[in-house]
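Trainee: Sequence:
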Amino acid sequence: MDNIVSISNRRYLGSKYKLLSFINDIVERECDGIKSVADIFAGTGAVALLFKKEKKHIIINDSLFSNRIIYEVFFGKQRIRYNYLKKIVAYYNQINPYEDNYFSEHFSDNFFSKTNARKIGAIREDIENMFEKKEINEREKAYLVSSLLFAADKIANTVGHFDAFMINGDLDKKLVLPNFDYKEICGNTSNSIFCEDANDLVKHIKADLIYVDPPYNSRQYSSTYHLLENLAKWEKPEVIGVARKMVNNTNKSRYSLKQAPIAFSNLINDIQSKYVLVSYNNMGKKGNSRSQAKISDQEILAILSKKGNTKVFETEHHYFSAGKTKLHDHKERLFLCEVGKFGAIGYQKRKTEGLIKSPLNYTGGKFKILKQILPYLTKSHTLIDLFGGGFNVGINADSKQIIYNDKQKEVTRLIKLFKNYDSIAILNKLDENIHKYSLSQSFEKSYSFYGCNSDDGLGQYNKTGYYELRKHYNEQKESDEKDFSLLTLVIFTFNNQIRFNSKGEFNLPVGKRDLNKAVRNNIIRFSDKLKNISVEFHSKDFEEINPSLYKDVVLYCDPPYLLGKASYNENDGWTDNDETRLLNYLSRISRAGHKFALSNFTFHMGIEHTQLTSWINENGYFVREIISNYSNANYHKSKFHLNSKEVLITNFPI
Numbered sequence: 004m005d006n007i008v009s010i011s012n013r014r015y016l017g018s019k020y021k022l023l024s025f026i027n028d029i030v031e032r033e034c035d036g037i038k039s040v041a042d043i044f045a046g047t048g049a050v051a052l053l054f055k056k057e058k059k060h061i062i063i064n065d066s067l068f069s070n071r072i073i074y075e076v077f078f079g080k081q082r083i084r085y086n087y088l089k090k091i092v093a094y095y096n097q098i099n100p101y102e103d104n105y106f107s108e109h110f111s112d113n114f115f116s117k118t119n120a121r122k123i124g125a126i127r128e129d130i131e132n133m134f135e136k137k138e139i140n141e142r143e144k145a146y147l148v149s150s151l152l153f154a155a156d157k158i159a160n161t162v163g164h165f166d167a168f169m170i171n172g173d174l175d176k177k178l179v180l181p182n183f184d185y186k187e188i189c190g191n192t193s194n195s196i197f198c199e200d201a202n203d204l205v206k207h208i209k210a211d212l213i214y215v216d217p218p219y220n221s222r223q224y225s226s227t228y229h230l231l232e233n234l235a236k237w238e239k240p241e242v243i244g245v246a247r248k249m250v251n252n253t254n255k256s257r258y259s260l261k262q263a264p265i266a267f268s269n270l271i272n273d274i275q276s277k278y279v280l281v282s283y284n285n286m287g288k289k290g291n292s293r294s295q296a297k298i299s300d301q302e303i304l305a306i307l308s309k310k311g312n313t314k315v316f317e318t319e320h321h322y323f324s325a326g327k328t329k330l331h332d333h334k335e336r337l338f339l340c341e342v343g344k345f346g347a348i349g350y351q352k353r354k355t356e357g358l359i360k361s362p363l364n365y366t367g368g369k370f371k372i373l374k375q376i377l378p379y380l381t382k383s384h385t386l387i388d389l390f391g392g393g394f395n396v397g398i399n400a401d402s403k404q405i406i407y408n409d410k411q412k413e414v415t416r417l418i419k420l421f422k423n424y425d426s427i428a429i430l431n432k433l434d435e436n437i438h439k440y441s442l443s444q445s446f447e448k449s450y451s452f453y454g455c456n457s458d459d460g461l462g463q464y465n466k467t468g469y470y471e472l473r474k475h476y477n478e479q480k481e482s483d484e485k486d487f488s489l490l491t492l493v494i495f496t497f498n499n500q501i502r503f504n505s506k507g508e509f510n511l512p513v514g515k516r517d518l519n520k521a522v523r524n525n526i527i528r529f530s531d532k533l534k535n536i537s538v539e540f541h542s543k544d545f546e547e548i549n550p551s552l553y554k555d556v557v558l559y560c561d562p563p564y565l566l567g568k569a570s571y572n573e574n575d576g577w578t579d580n581d582e583t584r585l586l587n588y589l590s591r592i593s594r595a596g597h598k599f600a601l602s603n604f605t606f607h608m609g610i611e612h613t614q615l616t617s618w619i620n621e622n623g624y625f626v627r628e629i630i631s632n633y634s635n636a637n638y639h640k641s642k643f644h645l646n647s648k649e650v651l652i653t654n655f656p657i
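The opening position of the sequence shown corresponds to residue 4 in the working numbering, with each subsequent residue numbered one higher.
Bear in mind the hints are in silico, worked out from the structure with no lab data behind them.
Model, not experiment: these values are computed from the prediction.
Glycine is no exception: its CB is placed at the ideal position from the N, C-alpha and C atoms.
Watch out, some of these pointers could steer you wrong.
Below 27 Å or equal to it, Euclidean Cα-Cα: the simulated BS3-like pairs (lysine-lysine) are [unchecked claim]:
id : residue 1 : residue 2
1  : Lys314    : Lys515
2  : Lys56     : Lys209
3  : Lys410    : Lys371
4  : Lys382    : Lys554
5  : Lys209    : Lys89
6  : Lys485    : Lys466
7  : Lys554    : Lys432
8  : Lys598    : Lys543
9  : Lys554    : Lys506
10 : Lys598    : Lys648
Ranges between beta-carbon positions, derived for each pair [said to hold, decoys possible]:
id : residue 1 : residue 2 : range
11 : Phe68     : Met169    : 23 to 29 Å
12 : Pro656    : His475    : 51 to 57 Å
13 : Gly454    : Asn620    : 53 to 59 Å
14 : Lys554    : Asn456    : 31 to 37 Å
15 : Lys506    : Glu471    : 14 to 20 Å
16 : Gly454    : Lys382    : 48 to 54 Å
17 : Lys506    : Lys466    : 21 to 27 Å
18 : Glu628    : Asp483    : 41 to 47 Å
19 : Ser617    : Ser451    : 33 to 39 Å
20 : Arg336    : Ser457    : 22 to 28 Å
21 : Lys382    : Thr578    : 32 to 38 Å
22 : His475    : Lys448    : 44 to 50 Å
Sequences are here, hints too, so could you generate the full structure?
Mentor: Take a look at the structure:
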């Protein structure tokens with residue numbers, strides 16, 4: 004009876020053969036209009052074959068040449084003489100050479116017996132000779148080499164990889180070359196096969212669905228499967244060490260190194276597709292150090308969220324660790340990103356055409372009324388955001404240069420974090436603090452997991468860790484690490500406010516929410532946008548900002564409202580004298596020919612701001628009423644709030 008094998012009949016790290024139904028179910032249920040699929044870290048090729056059977060156009064890639072030559076058998080378009088190849092395979096299975104060759108000299112009595120090593124080397128040499136004499140074409144050569152690879156891998160004295168051989172292993176297994184299932188290798192018309200770095204490949208391919216299954220850990224596949232690479236290429240290189248690895252093997256993957264998150268981010272950014280499906284597992288700190296994942300779930304989600312709407316699916320999976328490690332409760336995860344528009348950054352551009360919300364839910368922030376304000380901040384070369392706060396206004400302005408200023412240096416430092424650190428690095432820092440102080444992660448677990456509900460919030464659970472973090476923050480010296488502590492506090496604090504007592508200590512109580520998905524997305528979008536605009540940062544008293552130093556200025560002022568009750572206005576944070584100084588300052592810069600726009604209340608909580616209204620009338624400034632609703636400060640509302648009048652005041656027509 005013929006020895007017929009399928010593409011998945013191999014021992015291979017990270018093989019997705021047992022996950023095919025899971026992958027197929029997700030794609031069928033969640034994806035529409037899939038006519039082409041690119042498997043760019045294809046490994047065994049099992050996932051690509053799944054979609055080939057469903058008549059999809061296939062793009063398949065792997066950086067290992069030994070995998071690429073197998074793909075030529077299953078996805079290649081060149082005609083082959085199947086029955087002729089079966090006869091050659093039958094002949095190879097009968098030969099028994101007695102002479103040594105390159106392969107037997109290096110791989111006998113370690114990975115193979117002398118008999119099997121001689122046979123492997125002789126067969127590989129004969130295949131090469133047949134190809135050089137044009138007795139077989141390129142795909143027929145690939146068929147025979149692949150059959151030899153499958154046979155050698157099956158009897159190799161290993162636990163599934165070639166980093167080492169077993170000292171007391173069985174070397175007496177018989178080498179038997181198989182044939183491939185004809186139904187799996189036929190019917191190819193328009194598939195594309197590559198052997199490239201995936202990060203380079205995605206820059207010049209397109210597919211409806213791109214499947215991404217990168218290496219998870221520090222094991223380099225080029226080293227792990229060095230023997231099969233050597234046999235496939237048949238360049239007969241010098242080999243060294245106990246494992247007989249090839250000298251100068253430079254095919255190293257960045258996904259097995261510390262820079263894996265950066266490589267993944269660049270890959271996803273360059274992908275051109277409607278959907279991106281990513282396989283990754285939850286190894287975390289389980290297993291030995293070499294098996295631990297190089298990219299966290301948080302990093303994957305942060306990166307994919309830039310590209311489009313992302314869903315996460317998971318299933319139980321037996322993990323092949325190629326060693327003695329046994330893992331329990333191991334799950335394989337699928338991250339499905341719906342890009343939307345077909346293109347590398349199409350969805351991102353469309354998504355960011357809207358307004359960017361600051362991650363700092365600053366009291367009195369102008370995000371909800373931005374559409375009423377921005378049209379009157381004319382398209383000047385320079386916008387000075389004089390009381391920058393959470394920076395909702397400045398980051399959304401259509402100016403070539405933005406000047407951010409806020410007297411509270413701690414707030415300025417927080418905004419600079421978003422400018423200076425990658426959004427993934429920011430989320431990692433926050434997650435480190437969350438883990439260190441045992442704070443909630445509703446992003447991953449439900450409220451019920453913490454014994455809480457959505458109405459009451461997570462404050463009771465977070466209380467102990469939050470106050471430990473607050474104490475630590477107040478004891479820290481000024482540094483980026485201290486700023487990350489503050490950012491964590493702000494996310495977990497009451498109404499996400501920022502307030503310091505007379506001693507300069509952060510003193511707000513714990514709040515109801517945590518670093519949920521919405522906040523994470525705000526961090527990603529805000530940080531990414533901030534890196535793409537020109538911003539100059541200051542932490543000065545407003546009178547120290549001189550508009551004459553800048554080109555074509557509009558100065559926007561959102562000061563603490565004198566009639567307001569916000570936390571930043573407590574303990575005489577903004578006084579009558581400050582209000583007078585500001586109005587005089589604006590009059591001076593107006594006389595100097597600079598434009599300004601001022602947000603304020605002319606009437607609030609039953610009180611008229613007579614100083615402000617007199618100043619407007621005396622100078623003939625322009626006023627537009629704003630419909631406002633600061634729901635994050637609604638604990639201050641009273642019946643008088645309904646009679647409040649917020650306005651935008653300018654020294655130019657609106």
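Trainee: Find the hints from earlier in the document that the structure breaks and name them by number, from lowest to highest.
Mentor: 5, 7, 9, 14, 19, 22
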